[in-house]
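In order, the protein sequences belong to chains A and B.
Heads up, the first sequence is in numbering that gives the first Met the number 0, so the first residue is 0 and it goes up one at a time.
Heads up, the second sequence is in numbering that gives the first Met the number 0, so the first residue is 0 and it goes up one at a time.
Please keep in mind that the hints were generated in silico from the structure rather than gathered at the bench.
Computed from a predicted structure; not experimentally measured.
Where a beta carbon is used, it is the ideal one built from N, C-alpha and C, also for glycine.
Among these hints, one or two may not hold up.
Said to hold, decoys possible - Computed footprint of chain A on chain B, listed as stretches where at least three residues anywhere in the stretch have a Cβ under 8 Å from a Cβ of chain A:
#1 47-55
#2 89-101
What the hints assert, rightly or not - The following residues of chain A were derived to be distant from chain B, with all beta-carbon distances above 10 Å:
#3 D133
#4 H139
#5 M164
To be verified - Label-pair distances were calculated between CB atoms; the ranges are:
#6 A/V4 to B/M17: 38 to 44 Å
#7 B/S120 to A/D114: 21 to 27 Å
#8 B/N64 to A/P161: 21 to 27 Å
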Amino acid sequence: MIMAVLSFAGTILLFNGMKKVHTYLPTPLLLPIVTSTAILIMVLLLTGTAYQAYMEGGTFISMLLGPAVVALAFPLHDQWDRLKKHILLLAGASFAGTLIGLFSGMYMAILFGMDSEIIRSLMPKSVTAPIAMDIASMIHGIPALAAVYVMVAGISGSMFGPFLMRKLFIRNPIAVGIGYGAASHGVGTARALEYGEQEGAVSSAAMTFSAIFASLLCPHIAALLL
Amino acid sequence: MLYVKIAIQVVLLFGISMFGMYIQKVSHFQVPGSMIGMILLFCLLRAGWMKPEWVREGSSFLLRNLTLLFVPGTVGLIQYLHLFEGKGILSAAAAFLSTFLVMSLTAWVTEKSLKRKAAKSRREGLES
């Protein structure tokens, strides 16, 4: 009981503290998700606490992921009038992005000689964490590991994104939004919002499309693995 | 008062997500239940059967704090630290490179096709 309260409140307080740190020093390496996770893992290792004990309280935070995914319907509805003009382009580009992400991730992991459970956890990395975790468990990967690759995709995308857009001369808000949303889900969408509202809306739509396509395609592509 | 409103709306969203999971279970759809719930809510909002005001504060609250909700899950990495010893670290490199590919290709192709579209409509404008 004490443990549950401690890990619940501790996670929230720590995360808010790390958010403050990131506003003072806004580098991608100090993203609150990175620092909070690293600190919590260190605390658990140093105190010899089992993950299961931590999750007695942590579970009350992660159980909100389901409703949070449902909540994505709201901005999509809100921005619909601006989005529907480009809906085919958005859907097509997200579909292509999902295919590229799934196959390139899978084949690179095979090339690097990774185990099957790692490959299966890596495949859904381009979509938002709650869905990637669901997909991973559907295709017999490890949900927690999937969440780690999702963070790699999100953080790396928001790190090299501005550089990439500059080098490839990508200036159209729709193209910028699709790039961030399809490759780097929610973390990328937060970055796209820094460009402007339209980039942000396009990015969240692209992230939603990618999530739908990934959950439809992943089980079939994973079946190629055996 | 605002917090009561948020709490009630989050419970409503929670219910929709549970309903999505139930649909997933009975239909054996290969789509996560929460995603089914999202599509359902989107359709209800579009159809006007649900008012945006019923979920506005609750969804903004959840999406504002979305990153926090991932934390307990990513701490689960602690159980798999051994996988990142030695060549396991290459899997992170694969995730990195694949993300780079996805972002550059989708953004570049979209930029090109929008340019082509704009050029085409300009040409047609001149002819007419």
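Quick rundown of the hints versus the structure:
no. : hint                         : in the structure
1   : 47-55                        : holds (count 3)
2   : 89-101                       : holds (count 13)
3   : D133                         : violated (3 Å)
4   : H139                         : holds (13 Å)
5   : M164                         : violated (7 Å)
6   : A/V4 to B/M17: 38 to 44 Å    : violated (25 Å)
7   : B/S120 to A/D114: 21 to 27 Å : violated (51 Å)
8   : B/N64 to A/P161: 21 to 27 Å  : holds (25 Å)
Going down the numbered hints, you'll see the structure goes against 3, 5, 6, 7, while the others check out.
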